[in-house]
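Could you put the whole structure together from the sequences, leaning on the hints where they help?
Here are the chains, one letter per residue:
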Amino acid sequence: MDGLDLLKKDWNKQEVVSKLSAKDILPMLHKKSSSIVKLLFYISVAELFFWILVNSVPYFVSDTYRARLDTVYSDTLMIGLTIFGYAVILLFIYLLYTSYKSISVTDNAKRLMKSIIRTRKIIKYYVLYNLIMVGISMIIGVYYSFHTDPNAIEFLEKTGDKGMMILIAVTAVFTGVLILIIWLFYRLIYGLLLKRLNKNYKELKKLEV
Amino acid sequence: MKTETEQNFVEQLEKHQNIVHKVCRLYTNNYDAHNDLFQEITIQLWRAYPKFRGDSKFSTWMYRVALNTAITLYRKSKRTITTQDFDGVAFKMKSEDYDDTEEQQLKILYKAVHQLNDIEKALVFLYLEDKDYREISETMGISEVNARVKMNRIKKKLRTILNP
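Chains A and B, in that order, are what the protein sequence lines are.
Counting in the working numbering, the first sequence runs from 87 upward without gaps.
Counting in the working numbering, the second sequence runs from -10 upward without gaps.
To be clear, the hints were calculated from the coordinates, so they are not data collected in a lab.
Where is the CB? At the ideal position from N, CA and C, for every residue including glycine.
Incorrect hints may have been included.
[As the list claims (entries may be wrong)] What follows is a list of derived Cβ distance ranges for each label pair: (1) A/Pro113 <-> B/Phe41: 17 to 23 Å; (2) B/Asp121 <-> A/Leu264: 39 to 45 Å; (3) A/Gly221 <-> B/Gln104: 43 to 49 Å; (4) B/Ser132 <-> A/Val147: 56 to 62 Å; (5) B/Lys100 <-> A/Ile203: 30 to 36 Å; (6) A/Ile179 <-> B/Arg148: 52 to 58 Å; (7) A/Ser107 <-> B/Thr(-8): 15 to 21 Å; (8) A/Glu101 <-> B/Pro39: 30 to 36 Å; (9) A/Lys207 <-> B/Thr49: 27 to 33 Å; (10) B/Glu127 <-> A/Leu167: 45 to 51 Å; (11) B/Thr(-8) <-> A/Ile225: 54 to 60 Å; (12) B/Gln104 <-> A/Val174: 42 to 48 Å; (13) B/Glu133 <-> A/Pro113: 38 to 44 Å.
[To be verified] Only part of the chain B face toward chain A is listed, based on derived beta-carbon distances under 7 Å: (14) Trp35; (15) Thr90; (16) Glu92; (17) Gln93; (18) Leu95; (19) Leu105; (20) Asp107.
Shown next, in the form of structure tokens:
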């Protein structure tokens, strides 16, 4: 007899020894789910708030930062950038919402995996966008310091071009390392969370070749 | 107090629970993990229940949700790491129906199926449940031809395990 035929013969005869009663099943309906979609949702909300906080907390806690920003905000370019920043956040919230809505457990396996991966990608782009903004902010910050901060101006007058090069190099390295650490941390979280899903999705895709 | 919807759902699940148990049997290897997955599938079924229109059979609808939960949504909890040899924890074999060789072969086969990857297990499960290739392809989201090809490969693999 063929391997699977023998298995099939036995499979249909299987009997559950510990059958559950309606009484056992009912409480299960209200238990908390531990699905990856739920976890992904919590992480995305946390990331949204985290980056909003990172961008706004210094404004409220530091007087000098606020004073500096207030002078900077008189600039039309900065106002434009801020509006752009909020628009991007709103866009991400909208994209995440529609993406979560599209995840349906009654879809076929491949489509379900695809919609989860798409959601994860949106979060990935959100983080990437924020990391790029951190980089840009650093550059703008250094640029403004060169022109407005008396200490920086004095330092540059003393050291000349060499001093400027050092400042640029230190800022670039510091920003690069910071972005790299956040990116690696992020990759680790999602890598662990979606390891199995990615493996299964690849396996399904392989079947299409 | 349970609502009418809850009651209907629980009754249906109680009646067809064997499907969920079978999925759990394939994807877990100990008693705790089995119960954990059973619970997650129940939660997912219950959440999707408002969208269940009744135009397909409850059992058919269950296959999709149960498999999707097992291969995509389910996150193995810490409890599932504890290893305990899985051998008929929740099921019993009617050993009187088999001779010694067949019983031995069955044990090897179950062990071999357990070693397949998640997608292969899903295909085997649907095949064992007597689903045709159209339904298998619709559930998995692959073409019928590819489902057939993959199934043939799995059959070959299992044959080799049985007759090395």
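| message | Check the structure against each numbered hint from earlier and tell me which ones fail, lowest number first. | response | 2, 15, 16, 17, 19
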